[in-house]
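Assemble the whole structure, with the sequences as input and the hints as a guide.
Residue numbers (the working numbering), protein chains in the order written: chain G, 1 to 103; chain B, 104 to 598; chain F, 599 to 1110; chain C, 1111 to 1294; chain A, 1295 to 1948.
Rather than coming from a laboratory, the hints here were simulated on the basis of the structure. Bear in mind that the values here come from a model prediction, so they are computed numbers and not experimental data.
Computed cross-link-like contacts, SDA-like style, restricted to lysine to any residue with a CA-CA straight-line distance of at most 25 Å:
(1) C:K1284 - B:R252
(2) C:K1283 - C:L1198
(3) C:K1283 - B:P201
(4) C:K1284 - B:D135
(5) C:K1283 - B:R252
(6) C:K1284 - B:L255
(7) F:K713 - B:R481
(8) F:K713 - B:A476
(9) C:K1283 - B:I130
(10) C:K1284 - B:E136
(11) C:K1283 - B:D135
(12) F:K713 - B:D561
(13) F:K713 - B:V546
(14) C:K1283 - B:L127
These are the residues of each chain, in order.
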Amino acid sequence: MSHNLDAYLVLSALLFCIGVFGFLARRNAISMLMCIELMLNAVNLAILAFGAFVPSLHGNAAVIALIVMAVAAGEATVGLAIVIAIYRNRRTPLVDEYAQMRD
Amino acid sequence: MTGPELAAIAPFGYVVALAVLVILADIARPGDERVTIVIGTLGTLVGLGLVVAVGLGGTVQPVFGGAYQLDPLTTFLDMLFLAIAFLTILFSPDYLRPRHYPLPEYVATLLFAISGAMLISAARDLLVLFLGLELLVLPGYMLVAYAKRDGLATEGAIKYFLLGSFSSAIFLFGLAFTWGYTGTTSVAGVASHLQQVVTSGQVPAAGLLMGLALMTTGVAFKIAAVPFHYWTPDAYQGSPTPVTGYLSVGPKIAAFALILRLFAEALAPMRADWVGVVVVLAALTMTLGNLVALTQDNIKRMLAYSSIAHTGYILVGLAAFAGAPAGSTAASAGIAGVLFYSAAYTFMNLGAFAVVAALQGRPGVTSQIATFAGLGRRAPLLGALMLLFLLSLTGIPPTAGFFAKAYVIEAALQSGGLVPWLAVIAVVNAAMAAFYYLRVVVVMYMQEPAADAQAVTDSRPMRLGLLIAAVATVLIGLVPGLLIPMAQAAAAALQ
Amino acid sequence: MAGLPLLALVVFSPLVGALLIAFMPRDRVVLIRRLALATALVSFGFSLLLLVGFGGAASDAGGFRFVETATWVPAFGIQFKLGVDGISLLLVVLTTLLTWISILASFGPIRERVKEYMISFLILEVGMLGVFLALDLFLFYVFWEVVLVPMYLIIGIWGGPNRIYATIKFVLYTLVGSLLMLVAILATAFAFATAHGGDFTGAFDYEQLRGFAFSDVLQTGAFLAFFLAFAIKVPMVPFHTWLPDAHVEAPTAGSVILAGVLLKLGAYGFIRFSLPLFPHAAQSFAVPIVVLSLIAIIYGAIVALVQTDLKKLVAYSSVSHMGFVTLGIFIFQQQGLQGAVLQMVNHGLITGALFLLVGVIYERGHDRTIARMGGLAGATPVYAVAFGFFMLASIGLPGLAGFVGEFLVFQGSFVAWPLYAAIAVLVMTLGAAYLLWLYQRMFTGELSDFFRGLGDHLTDLSPVEVMTLVPLGTLVLLLGLFPGLALGVIQGPTDGVLSALHGTVTALAGTP
Amino acid sequence: MLTIPSTIPLLGWSWNDLLFLILAGGLLGSALMVVLGRDIIRCGLWMIVCFLFLAGLYVLVGNPLVAGAQVLVYIGAISVLILFAVMLTQSKAGPARLVFHHQAWAAALAAIGLAVVLVIVDGATSWPLAQPDRSATATTDVASKLFGDFVLPFEVVSVLLLAAVIGGVFLAKKDDAPRSDSDI
Amino acid sequence: MTQLTVLLLLLPVAGFAITALVGRRLGPRSWVPAVAAILATWAVAMVVVYSQLTGGNGDAGLQVTLYRWIPAGAFTIDFNLSVDNLTAALLIVVTTVGMLVHIYSIGYMAHDPGRWRFFAYLNFFMFSMLLLVLAGNFLLLFAAWELVGLSSYLLIGFWYRRRSASIAAKKAFLVNRVGDVGFALGIMAVWSTVGTLDFTDVFNLLPAKLASGAIAPWEMTGLALLLLCGAVGKSAQFPLHVWLPDAMEGPTPVSALIHAATMVNAGVYFVARANPIFSQSGSAMVIVAAIGIFTALLAASIALTQTDIKRVLAYSTLSQLGYMFAALGVGAYVAAIFHLMAHGFFKGLLFLDSGSVIHGVHDEQDMNRMGGLWRKLPVTHATMLVGTLAIAGIPPLAGFFSKDEILGQSFKAGFLWVWIVGIGVAGLTAFYMFRLMGKTFYGPSHVDPAVEPQVHESPRSMTVPLVLLAIPSALLGLGLGLPFGAGAISSWLDPVFAHAEQTLGRSPETFSLFGLDGALILISVTVAAVGTIAGMRLFGFHWPFTARETAPLPDRVTAITARLRPLYTASFHKWWFDDLNDLIFVRFGSRLANGAWWFDRTVVDGTVNGTGRFIQRTGREVRQIQTGHVQNYALGIAIGLLVVAGGYLLLAGR
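Here you go:
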């Protein structure tokens, strides 16, 4: 199992879908952000798994994963800053209450 | 690195440096926004010159082992991106200043975003593409939120951010599948691997197709194609108006650049697999965008839906590429159509938003269409310019928008399969769209101004920017021959 | 005159005027008016030069003169190509004439935003002239759409109370048709290019396309697209409902141009493009179109009978009269086609004048309800005479312009199938019925209370108004007595169109 | 020396497989806790747990370097950041009792559907270039790649982080400029 | 001679133009240019006629081509004039009556402020009518046909303030147009068949085509009937007769000139002109005869009961035109034209007389408010009596000769039914004319007492034309009709009709005064005499040059009327034709038009607007998917992803 690419990929897929579910179901902006982190980690798992099993990706996968992590960090920074900004305006972190603009 | 390599990478580096320079200048002389404007505008102009200088004569120069490549496509798009930056910087002060938002961070963030777009245009490595995309959108989220004391702006920003990150994750997942399947991150490598698969006559593996689906979803989101467009109206409406203008062209065209590099280059061998999806997306996008735009009362929201519709028109060009055999004139016409349309759309749409921004020169003026009442009388020149931009958006000759539509339609007609029908859908949509664009004209020219109508601003930068947008809109329409060879050369670079 | 780009001068001289006016201070109203009129007169003068230089009857079928060519978009083979033949010559002169008359007629009624108005009008003229003179399909389309916007503004800004509904309907309706035509134009160009190894050179050139045999499928599609565009513009029943609304709301000069020139664009398109480019499709759709034309002729007249608004009545009469034009075109017969062209010119002159006359009374009373009128013959005799004159011309009285065109169309359709003529000719009675009834209600009897209430405002024609009508009246009489003046120049081109359809003209000339 | 059997007695699994199963189970379980938990602070803590399991998996897949980075970046930085933000945005007025949007059931369906599709796709695909067994990645290899082939992405990431920081600071900074009515 | 012919057209046009432009300023003298122009025209016409009738223009007559009017490819129509003997005969009537009516109008219209308009219109009419008789091809004739219609329209509606006048004018124009629809189709059929519209060519080519079998006999008949439509309209034959009585709303000189002496004869003229076509189709001829004789009877029956003096004359005109049509139908072309001429003079005279009467009693037209006027209007009375005797067919006045020839020839051509009806109508004619005379001139006066003292004879300018017209009314028959069957009229017109008569198989028979012809004359004269005497007895009479007076018998009239109540009612209501037209065209027509208008608004335009509304509504519904909730959006994206993935995966197999 641990030597089977499919096992890692299935695990990655399940983690990704858990993240997707959370993103679709949670109301809190920060919860949703966490779910995005889960999804990105799922992708990283997949990338590293490919790196382990596909020779031409050997070293590359690790680098890509590191870069993805950095991007995730950047995303989190921006996201949290926006969350804080809107919290100042609206006094709630619940995203579904931000629905002044619609239709 | 060799000299030509340095030259090739120079524009990107230059823009990043420019962004940093803006920040540094602000630190050196805090509060002097004139400096920011001067550095921003002159800097982008110099950048434009740099792009022209290094890209002149159709140079093709790979750098970083081919991960980055200067070619006519890069040049074409970079010019466009810098023009967008230049105009956006011109349009912004009138809106931001009265609302007490600082300019330096704004300009720097914008330039970072533009650098991301320029990176996309040159990237021939999927990881670099992804990074370029992130570099494009992260500052974008912040620009939307830039009016941070405004509830709607931050609402738009968080929606944009959450959904954008969501789609980025999906897109990245798709990239991972592609990497796993082809074992490479290079555009050329992916293309040649896929070409082998297609040539060998195998049915593409499910994993690859799934990756394709994930990537399609990701980029469809970025270009705001229906049904992945949901963020657009809210983000556009919420953004500070100059940012809306930027959003409607910058990230959209950059995302199309991504599509050209990814789909029209890396995934081109599989075009038979994805052309159907593009056709459906194009049809849906045009139709829904226009349908909903018909019923809007807020001009920014209306133009948001209109920009969705224009995404659909640009997708027609992409579909034309995908529906035609590789290397055919039709395929290259499709790409050239995408590029030409992008260029035309840039000027007319930015112009339209600039007029909205000019109207909102004082805090408290909303972007309801009713704000335009009697504009033709209150500010005849501004009204006439808005008329021009709206006509161009409608596609009335002899404006840029008309020729752009004609271009993609001509390309679609040359293509195969169901694609020619998109031409018919496109024109029916164009007729429908005329209704809401002309509705604004009705308000501007055929209604009396409200009693408490505010004066419009016309600072020198705003005027200059509007003039440039208008001249470009007319010029591209009247003498499309100026732009076509460039678009064709850029398209040829992809083949 | 050789070497002078006369056509470009005709087309673009109004644009120069419009630009000049754009830089005028908006409060110099009188100056703006005069400049606009002068510009239109200059354009008219150029078109007269064209008329003189054209040099009599063209014997070469379909040959274009004064052709001016310049590359425009080389990548697609799009050219800036203008040329004139007998048909377009007449329509160009009609356009330049009606434009300055309309501008003159607007001096009084248009008092607000004169600057924008005059600019719109002159740009409108550019578009109309361009449509008639363009020999490149793409260029033609560009001009075709250029017409739309100024008209949209003219109705929308200076129109009546319900102007916005009317003007949006006008634009959208027209746009729906014309956009499909754009697709067709591009498709034909592509087909042409494909046949020439992907080379787009000449792919939009009318003269080259005319000699190109498109596939039947493409012909059908393109013909239908062109048909929709032109049928809406003509307008043919059942695409006509924008017309009464547009007319009712348009300012007088707008109505004059609308009826006088804009409707001709569609008919001109049929003759210039639909028939020569897509002969097979034209033949297979001829019968339905003829039937629609007949319906338009009769139906328009019947509906005109019960109109209560003066302008609507004239508008529906236009529907009926333009039915003759399309009938004449689609019976593919020499007399019919010549009659159709003549009828286009005649209708432009006559209906243009009628709208001017409607405008005259509207200016006095700001009401067009027929029921409120009566007894004008005594109060405004000159007006009554003028109205009567053009009304009779519209009825088709021999000796005035309307008759010859109408009769030629009748004759042509009789040759095609007597029943066509039998139906069409009914309009001799119907047309007379609604117009005479109108005349009776407006002009005879005692002066109505409404007019009595106007007191001194009910004046007879002013000198300016007379000045706008006299040229039209003169031409109506001239063309009625000497239709050969017009028929001479259209003989060649119309035969050219027919020979494209049939191979030979003589086969259908009607002579046994 | 105590020798560990190369396979687990009775089950016949390799030890690595057992480790994989434990890590996978922990990963999914903690991820579910992140998604399903009612208290958002606990959710954040569960996320840290989740990332730890993931780091373990990275080791298992032969990438200890990335595992280390995972611990540093995700647990050390991102999670902490998120927890701070959570604290900042908890208002007493609105105890977030209803953590789930009313479309949760549809979300579940969609997620399950996606999972089914992905799992089937994974199962159905034979990745053409993949070896039957994994191989570990040397750290030096990563370093040379990062500053060799991948120097451009590396530099871009730095630009990206710079941009994020500049913007983030501006956005999060509280300022005293007058607040105006929304005029969007 | 060519120039003179052109002058025939130019003079009236010049008169019209001058009067129209400056007439208003001439005030009371506005008649001068118009009358001068017509006098000159008359003089020229007489020269032309003389030259033509004396053979001065050769066998083919005079052909003048002015210019090419319509050069439309194969369809080339010249503006060409032709003068032959038939034209000459018409010229005599048209110019003479026209000139006299012009002179008469000087007095009649002296007090009308719009008289300059009147004279302009009259000149215009003269131009149109002359063009009509001179036209050398079908289309030019059609053009003139329309122009006379226009003049008629203008003149009927001359008093535009009178609602009834403008309605009558419109009616006249429209009813004529109905006929012209057929006429125009006929002309098209002619051109389609032979490719020319020139009279000479058509009349040569059409019979040849029929003979060669290029066209079927039914086509020839159809063609003839289409052409006939126009003639029926213009000459007010059944069923298009309804406009003529209403046309009496116009000034009386107009009634005399246009609606009695000239324009209404155009139909007769045209059928005669087109005799080579009609004679080729026996069935068409029968239809012509039937229409004619039926109209004669119908109109006479109505004339019996009308009380408006001009209407009686109008119906009498219809009736006489019916005779002419009957004559054309039986092939008695010469007789038809003879009657046309005679009728032109005596009916013109009668109308002018009635005008004089109306003028005298201050615009009263109801005969029940007249009576006993012979004393006060001596000249009018005398000339009108001449006219009445002429129309009644009392020898030796003009009407006797012409009418008798029609009846005789019908009998001899085998149209017994025409003859029988014709004889009956002759009796009725005599009766209602003497009824008119009696009610107007004899018996006790019923004139409004207020007006009675002011009743006066008309001025010289009016009475002189009356006298001048009475002369031909009385003597024309003697001059042209004797000897019977071989008078001057026959020698003039035989060349024109010889070919047609030959086609019809009419060999010129010898006239036997003491045989069949004499018997027929005797019968018709007897019937006319019976009618005359009945009229005199019932409505009174004053024998000229004596003091003998027959008193009217109103009681007897009442008794007879009572006995024939249904017939009387039918006659009085003109057989309800106007009501029928009203029902069909006004009520049904307006319902149809309103229906079409409703259809246009709700169905045609409704579809257009409905499409727009539908699109808008769809837009409003579609925009609801934009809920504002990020989670909803994300779910949408997820579902989109699933669909796209499904699409790729399922379509991959292809």
